[in-house]
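Engineer: The numbering of the sequence shown is this note's numbering, which starts it at 1 and goes up by one.
Relax, there's no trap hidden among the hints.
Here are the in silico distance ranges between beta carbons for each label pair:
(1) 168 to 78: 21 to 29 Å
(2) 181 to 124: 31 to 39 Å
(3) 179 to 54: 22 to 30 Å
(4) 84 to 223: 16 to 24 Å
It should be emphasised that the hints constitute simulated quantities derived from the structure, not laboratory data.
Please read these numbers as outputs of a predicted model, since none were measured by experiment.
Note that the Cβ used here is the ideal one computed from N, Cα and C, for glycine as well.
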Amino acid sequence: MTVGGGRSREAPVLTLDGPSGSGKGTVSRLVAARLGWHFLDSGALYRLLALAARSRGVELGDEMALARLALELDVRFTGGEDGEEPQVWLEGRDVSLELRTEEAGADASRVAALPAVRAALLERQRAFRQGPGLVADGRDMGTVVFPDAEAKVFLDASVGERALRRYNQLKRKGLRASLPELEREVAERDARDRGRSVSPLRAADDAVVVDTTSMALDAVVERVLAVVRTAFPEVKG
1 MTVGGGRSRE
11 APVLTLDGPS
21 GSGKGTVSRL
31 VAARLGWHFL
41 DSGALYRLLA
51 LAARSRGVEL
61 GDEMALARLA
71 LELDVRFTGG
81 EDGEEPQVWL
91 EGRDVSLELR
101 TEEAGADASR
111 VAALPAVRAA
121 LLERQRAFRQ
131 GPGLVADGRD
141 MGTVVFPDAE
151 AKVFLDASVG
161 ERALRRYNQL
171 KRKGLRASLP
181 ELEREVAERD
191 ARDRGRSVSP
201 LRAADDAVVV
211 DTTSMALDAV
221 VERVLAVVRT
231 AFPEVKG
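Working from the sequences, and respecting the hints, build out all of it.
Structural biologist: This is how it looks when you write it as structure tokens:
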């Protein structure tokens, strides 16, 4: 996953926003693989920041310390070219599994609510824009990070369905999980993400909203690709 600069005419951008469990991570990786575009998992940056803060003893409510840490994070992504989850390295250590725990997700939601943290990571996220194109997965990709993106999709699903998906994902990885607890955590994270004062979770005015509750993964991928083809008729994939 190479990072670089560029404007939208040189590097088209598809933003895929939505709440936790809506499928945007998996869909984004698969779409990026189909298109041959770069992929940005913006949520991983917030998870990495929270993980680094805990390892260094930085309080998750210390906004200025977190913002400083965000600017100096030693982060690297490897693999993931075929739609699979990439390996994520923090200061030379593979933290891929740690990054996908419920604790990491909850911590990321907390630090993401801090304005100075979001400002510190903004240009770092925008630096992923590079030809031939970028698929950006997150919660404010279409509203804040890439507001000029020509293709925007907002994926959603019911709380129950999103909790069930997370439950099955954790079980496949051999991790313990409680479905009722996951439903509570999903609802609480929704409330935090939608209610925060800076960059709240919402669909961009020009985004195509797709409810994935009853949709098969392949159908969601094709729906998103249709949005891309409409915005960029020259794109194949």
